[in-house]
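Residue numbers (this note's numbering): 8 to 359.
Everything labelled a hint here was simulated from the structure, so no lab data went into it.
Treat the hints with care, since some could be wrong.
What the hints assert, rightly or not - Simulated pairs of lysine to aspartate or glutamate, EDC-like, Cα-Cα distance not exceeding 16 Å:
{"no.": "1", "residue 1": "88", "residue 2": "332"}
{"no.": "2", "residue 1": "28", "residue 2": "314"}
{"no.": "3", "residue 1": "88", "residue 2": "153"}
{"no.": "4", "residue 1": "45", "residue 2": "351"}
{"no.": "5", "residue 1": "23", "residue 2": "332"}
{"no.": "6", "residue 1": "28", "residue 2": "347"}
Since the structure is predicted, the reported quantities are computational estimates derived from the model, not experimental observations.
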Amino acid sequence: MKQKSLRLGFDVTMEKGSTWKPLKVQFWNQEENYAKFKPSAPFKYMADALAGLSLVKLNQYIKSPVATPHMDYSFACEAFKTLDPHIELYERSQTRIRALQSQLKMVNPQWCTEFESLFNDTFEQAMKPWGVDLTALWPLLDAFQDFENKIGAPLLYNFGVNFSKPFVEKMHTLYSFLYHLRSLVAVDHNAHTEDPSHEGVKVDAITDYLPRAEYVVNDALLYWNFKKLAQPFSGPKTPDSKIEKLLVNPMEKAFHKYSHNACHLVDNLPKPFITSLNPLELEEAFYLVQMDWLLGSPAGLIFKIREEVFALQSGYEKIFWSDTEPKFHAKPVALHLCCELTPEAVFGKKSA
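Can you build the whole structure from these sequences, using the hints too?
Okay, structure coming up:
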């Protein structure tokens, strides 16, 4: 049976005032909406299509043929899997991630299971028959904080976290929704900006979360060399324990204070992995392992989701776009999105 095209129509309502803060995303279920706004082809980078498709997967109500009689759910899921770029990047990193994990002490699986349960319970409260209440996602921040407290370590550069396969799939979908939702706000802002080169905003899947990865590499190399030089002075039985107390310990505290990201990176990697590399290889490895953590680890995935939820709560300009002043809106603003996905547009892109 030949698949038909899929129409995705939804509104993104944003808070009034001088902030970018989406409040809710509401699907269209009335024919007059589609009659008023003619569906168009998706945006160049599919932000509108992927925001809609991911929400279709996340929202259990939308599966109902009564609620959305024109929704081809199986086509929507296949289109999402084909079009979203982040899932493929995640899969490409898995061999290297598992190799690192095999040399590390993993987080207690029970704690990960408890986090999944708490996260799911909170998340489902945000799903509504009409779409999603974005303000109801804010309590997820408490779940993240509780999880970090329980494992006694930050999510940053943490390779010891694993979740169930269904939960990871759900997190992929949620991240795609939040990332492309922000992209839609960026597209709208830039479309109404006279000089996008100076006043526009951007969305980047790497630098939005790790803005100075190359600087972290330099600091990590310094910190690792410091640890190697300090090794002879460490330990209660060494004759140089006074040097450790007066010099080594204060320097280590300074590293953790002023280069905490680099310290987390080095301290979270297996020592055999670091010692097996020469200086040039280590410099490259410190950069690539950051990318693997961000793009391919469970902790990196939920770290990105946390950043997006922080931005929903505080406004995008507080987390991602601090260099750009948002325009003032005297009343709530609604973005009206309506695109049409054809099988040729979806599967033709994959084979191109």
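Going down the list of hints, with the structure as the test:
Distance check on the hinted pair: residue 88 and residue 332 sit about 35 Å apart at the alpha-carbon level, beyond 16 Å; violated. A threshold of 16 Å between alpha carbons decides the hint, and for residue 28 with residue 314 the separation of about 14 Å falls inside it, so the pair holds. A distance of roughly 31 Å separates the Cα atoms of residue 88 and residue 153; the hinted pair therefore is violated under the 16 Å criterion. For the hint pairing residue 45 with residue 351, the CA-to-CA distance comes to about 19 Å; that exceeds 16 Å, so the pair is violated.
A threshold of 16 Å between alpha carbons decides the hint, and for residue 23 with residue 332 the separation of about 15 Å falls inside it, so the pair holds. The suggested pairing of residue 28 with residue 347 is violated, with an alpha-carbon distance near 26 Å, which exceeds 16 Å.
Consistency note: the structure conflicts with the earlier hints numbered 1, 3, 4 and 6.
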